[in-house]
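Participant: So the sequence lines, in the order shown, correspond to chains H and A. Take the numbering used here: the last position of the first sequence gets the number 255, and nothing is skipped along the way. Take the numbering used here: the last position of the second sequence gets the number 669, and nothing is skipped along the way.
In case anyone wonders, no lab produced these hints; they're calculated from the structure. All values derive from a computational prediction rather than experimental measurement. The beta carbon of each residue, even a glycine, is placed where N, CA and C say it ideally should be.
No more than 30 Å apart at the CA atoms, straight line, and that leaves these computed lysine-lysine pairs for DSSO-like: (1) H/115 <-> A/596; (2) H/71 <-> A/665; (3) A/537 <-> H/59.
Over the 10 Å line for every Cβ pair with chain A, so calculated as not near, a few chain H residues: (4) 36; (5) 37; (6) 49; (7) 52; (8) 138; (9) 152.
Residues per chain are reported as follows:
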Amino acid sequence: MITAGIDIGSITAKAALVENGKILGTKVTFTGYNAEAAGRKVYEDVLADSGLEASAVGKIVSTGYGRNSVKFADRTFTEIMAHAAGANFLKPEVRTIIDIGGQDSKAIALDERGKVKNFVMNDKCAAGTGRFLEVMARALEVDLDEFGAMSLQSGAPSKISSLCTVFAESEVISLIARGEQRFDIIAGIHESIAARISSMIARVGLTEPVMITGGVARNAGVVAALEGKLGVKIAVLPSAQVNGAIGAAILASSL
Amino acid sequence: MSEAKSEKEKRKIQSEKKMRDIMTAYYIDAKTARQNNKKVAWITSGGPVEPLIAMDIIPVYPENHGAMIGASKMGVDLCEKAEAMGYSNDLCSYARSDISCATVNGGPIGGLPEPDMLVCCNNICGTVLKWYEVQARYFNIPLFIFDTPFCHTEYTKEAKRYVERQIGEYVAFLEGVCGRKMDQDRMKDVGRISFEGQKLWQEVLDTAVNKPSPMTAFDAFFHLALIVTLRGTQQTIDYYQGLLAEMKDRIRDGIGAIAQEKYRLLWDNLPIWYRMKWLSKKFAEHDACLVADTYTSAWCGAMKYIDENKFLDSMAEAYSRIYLNIGVDEMARMVIAMIDKYQVDGFVLHSNRSCKPYSLGQFDIQRIVEKERNIPCLMIEADMVDERSFSESQISTRIDAFMEIIKDRKKGRA
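For reference, chain H alone in the conformation it holds in the complex:
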């Protein structure tokens, strides 16, 4: 049976199609202001890309913040379950997932069967998330996609101490005014995200292997900062951003 997973995040909407343990296709679009329309669009797109008709799909599971706006889904799961299912499907040995999305970050601990044992989400605050990075990219006039590579050139990351996105932005602006190098500032931003995520990891307990999911996984600087902070190697799969959608499709296959 072909199943679909749709993950509506705060910034991007993702879709995945799965059949008999094989990924048929994935797609990422922007969520925009209409989560319902974004869900329909990303689903239509992934079907078109894979050359499939909607009638070929047996079950659909939606997840993410906009999970309840996907009216055509057969069931919803939270992104915690979806990421666990995705990780368990792609890399069954994973025991800790770090998921950094647009507006929240999570640490998920998995048990020996790959099931969710415990999870911690960020407080009601966007520091340490993709949105935080977007704000910083704007302040620094750097394309977000270059953040990772630029920060890796830094030998002495700047210190960003504020926990608040807005205040951290003014901190960054004063660092620019002080003449600090952009790559040092970016590295400092990544360090501050890593520090926040590490304390969440400490609460659920760190067990290897560790995997990172969500859009921020594409940022090599954040991954390197986290690896430094946690003292472990973190697996980054090419499908990190669509891991939740893949997991949702996997969950749909056992409905």
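Starting from the structure of chain H, add chain A where the hints point.
Facilitator: Only chain A this time, still in chain H's reference frame:
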């Protein structure tokens, strides 16, 4: 439609109306105290109220009022007023609401009746000390501070002597303000009635061990009002006898508090007053019943220290050893005892931005519970009155994920 309605009707606790009537009459009495030559004392929720009842002083609880403000969603407005007066938004939202409400007589009942005296017991927190000092200055009235040292591990000999000595000072304070002596026999009666009321309240809460539970913690938050405000009066006993009988009838007839109770949960910390309905619906949709909580049992949790025949002497220890005035290890022991007693599948902790003493040890308690009982725990960050600290979609996702884990585990076990 009518079927759905009767289904809801069936689950409705009938005593609720009586409770509303009693509370209305109580607030009318309090607000007309002056006309009836009665004195009013404002007192903290964990304070020793029995001497006030024995002296015919009407006790009024700013914290109960704070809960009413929260439940009627008027908290943000009053908190903002307090912040405009210069109080930090880090200050407890009960304190902020009460301080600003006193100046505008706002809120759901047009403010509390003006007090003749204040009684502040710091067994629940340190904030009350400054809060009551503010109000003592504002109303220019006498304040009595009943100081209960924190009982980290034990109630020491020194603490005992220190607290017991204050009981005499407390009675002398009341006699001074009222200009008459306390009737010792009356005090003894009030003590016995208070003890009886606490026993009955515990029995009401105990009915939740039944599967399905006839009541939820949300019900307990509501029916709690009398044991807090009218402890030591006969009508509290009458009311809880009626409520207990109703709970027993429900158990006999197999009526559960929610339509389908598949999962049982324990709640920690104060309620999120402005989201009671939303939360109870949210959990009920997952077939989860919050059967018990650490909060409502605080008003009967120290009964073992009370000698009902020597109430005044023994209350020193009972008021010193309430849930919020003990160390984290002992709190965790009490939580674990409740987990076992009510046979719960998960533990929900409300990390309450307002209540520091209640929220400070929660990470440790969670860790101890996870280690000792291996049940899923969920931390919800919010505030009891200030809605600005509540983010619905964040909390909704956490609850959904938490319930997914619980369902998964139960399925795995079955």
